[in-house]
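The listed protein sequences derive, respectively, from chains C and S.
Here my numbering is used: the first residue of the first sequence is 1396, the next is one more, and so on.
Here my numbering is used: the first residue of the second sequence is 54, the next is one more, and so on.
Bear in mind the hints are in silico, worked out from the structure with no lab data behind them.
Be careful, since some hints might not be right.
Claimed, not checked - Residues from chain S that face chain C, not an exhaustive set, calculated with beta carbons under 8 Å:
| # | residue |
| --- | --- |
| 1 | N257 |
| 2 | N304 |
| 3 | P323 |
| 4 | F376 |
| 5 | N379 |
From the three backbone atoms N, C-alpha and C, an ideal C-beta is built for every residue, glycine too.
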Amino acid sequence: MKTSLFVLRKLMEDRVAFLGLLLILGLVFCAVFAPWLATYPGDVWDLHPVNRLLPPDGQFLFGTDRMGSDIYSRILFGARITILVAVIAVGASLIIGVPIGLVAGYYHNWFSDLLMRVSDIFLAVPQVVLAIAIAQTLGPSLPNVILALSVTYWPWFTRLVYAETRSLQNEIFIESSIALGASPWRVIVYHILPNVSSPIIVRTSIGMGFTILTAATLGFLGLGAPPPTPEWGRMISESREYLPQAWWYAAAPGMAIFLVVMGFNLLGDGLRDILDPRIRRGQKDDG
Amino acid sequence: MKHVQLSLPKALTRFTQRGIVVVLAIATTLALAAGCKSKPSTPAKFVFANTSNYDTMDPHQAFDVGRVAVRLNLYDGLYRWHDNPPKIEPWLAESYTVSPDGLTWTFKLKQGSKFHDGSEVTADDVVYSTERIFGVGKGAASLFTRMLSPGSTKAVDKYTVQFTLSKPSAIFLSIVPEVHVVNSKLVKEHVKDGDWGAAWLSENDAGSGSYMLTKYDPAVGWTATRFADHFYGWGDKFIPEIEFRTVSEINTRVLGMINGDYHGTDGYLPQDQVKRLKETETVKVLEQESMRIFMFQLHNQRAPTSDVHVRRAISYAFDYDGFIKNILGGSAERNPVPIPNNMWGVPKDVTGYTYDLEKAKAELAMAKSKPKRSLTIGVLTGYAQTEQAATLLQNGLRQIGVESKIESFPWPVIVGNMSKPETSPDISIYWISTYYADPNNWIGEMFHSGGWGTFKSSSFYKNPKVDDLLDKALKTTNQEERAAAYADAARIVYNDAGGVWVYNTKWFGPFAKNVEGMRFSPVGEAQEIRWMYFQ
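The following block holds chain C by itself, in its conformation from the complex (with noise of 0.2 Å):
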């Protein structure tokens, strides 16, 4: 308790990490309240061909896309499904890739090389292109993506965990604990994991950026979710072809997977910064 406060009050004078707090707050914000903030909640599904392509006006706020429906308010429930993607696929990876990078690199034995040459593989093909691969054999639907994204994604905790495990090995208070008569077990939950829980926090915030951008990626080539879905990528990939006449079509979506990624990376940035105080941007070196 008394960290997270210590947290938050370092958060508050950073002001970079404290806007990025603020973007991502601003995305829960509209995707909880989304029913409440659009304009017209139900163009998520209701299409209006009279009303096509709009330019922004007081009635549609960010114009109007290639079947009538508001761009504004299917953004707001985009929100959510950038949430669901994002939350649902960071945290799988955190199951599957922590305590594997645990295991890895507190044994040192052939079972922990395996473990690590299998998370060298994944990681030898870039994400995007893992994803793909994977979301384009099990055909295009959200479950599809999310299970594209976590598949590919663990091995970035698994190697950074793998790490630092490996070098909070030599420290005294563990190798102390291990004298002690601590099961491996015992020390790597009570011993361990705490003192990796800062980089995995940071990676998982960055990780969270990262993980919008690659969905949008997927959504934009078609293997998201399928339409009338307010998925941002997709909303992208749909005006494409009324480009350049209608720009508020793809650059409202734009903007909001920007902000939003943005955000995680500032925050990321500004909480390694408060976690890990051996590693301050440059400016903050005399503070």
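Start from chain C and add chain S according to the hints.
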């Protein structure tokens, strides 16, 4: 500890790297833009940007508009469709005669026509090509099997071919252009395991057409150079080299036209893009009445769309006016039956289903097999209009309480799925273009139960009465009788809501301003390049 020291410089380099990438990207874009502008105004090569990819170059394996350029430019048939309204003209043949019973068709070949390797086109090649259509069993094969059986074509002499039909067929001459003649000697050299040379011919050329294949890559497209010895001869104006490139992205095609990278592209772009092209000084857009029906094929064999009331409900649940007027900008015309409005045989008394959700609900209430599961709507990847129609239909269906999901397939994939009732989607959205100018091209192939397996008949409709009428329409050559039979069949299929027919298309063919001589026909859609030249 270690990762700590590494992080800062790493982050910095990443930053610089990103900067370099951005600068490079901008530089490349500028260089490309500059490169486009400096292009000469009369290039030697005509480049056509095609939506679909050329997965095969075999003239007997594909029978669709997406890949029609292969057949029209590299191969020749005995007859060929030209102009609008389409007329059939002698091509490799000079004339034909029919026996009084309508069963024996004798074609006289022009003498001295040459294949690309210099050998002469003879009756034996025509016979081999006909047998090959059956042997390969794809493309137009299912159309020919209804009137012709393997082994019933023979070479009377070097320049005379005789087809003996199993039953009289009014459309035989109409589909004779699909007998694309291949060099039998050359193909036979490349036959492997009795495949009729299918593997070899899918990436090589054994034709006599106006152009000779020089390069082919399924991922990119193909290039061909003029065949100077072509039987038709050449005037003093022609295009020496042609390229058909696959460009699936609409915006890339339009930008390429504007920049002058492409000299032609498909004539069915969204109206917003047509408008953009019309405003471009270096591009002209030709306009023609075409014959190309946009429709939703409903699966007539699988519940719930096997129930006529469900099909009628679907027919009432689509906003035809909203789609045609708003989304297509009024560029098409409502077409209520499976025969294009500008073709003969259309029952003029049929006005078509309208968008009426009350009627749709009433129909649904009468249905015995209620749609409990989510219906699959298959759309074509790269053809955004199919997806837009699907969303609009989905919206209507949702309001009458029918759930549906949209699935996108590349054209060759959905063609494969539609070949069997088990794998065909509940609803498939696409067009049927003109392959030969006869009502049979639409209603005949779409709703005769003998045609199951081709992409045209993915509704898997079966009605003995309709089969009889469609058979009858093929037996006689009297056009009045034929028109009446097609009109009757259309009325029955319409009442059965065997499918949903939305509109008939106009063609808006974009070409570079300096290209002249295009000959548009609904068959082939102006993709026969031999008539064109640069000014």
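Hints, verified against the model:
Restraint check, S/N257 versus chain C: the minimum CB separation of about 30 Å is more than 8 Å; hint violated. Satisfaction of the interface hint for S/N304 is found here, the shortest Cβ-Cβ separation to chain C being roughly 5 Å, below the 8 Å cut-off. Interface hint status for S/P323: upheld, as the beta-carbon distance to the closest one in chain C is roughly 6 Å, under 8 Å. The beta carbon of S/F376 is positioned within 8 Å of a beta carbon in chain C (closest approach about 7 Å), and the interface hint is therefore held.
For S/N379, the shortest C-beta to C-beta distance to chain C is roughly 4 Å, which falls under 8 Å, so the interface hint holds.
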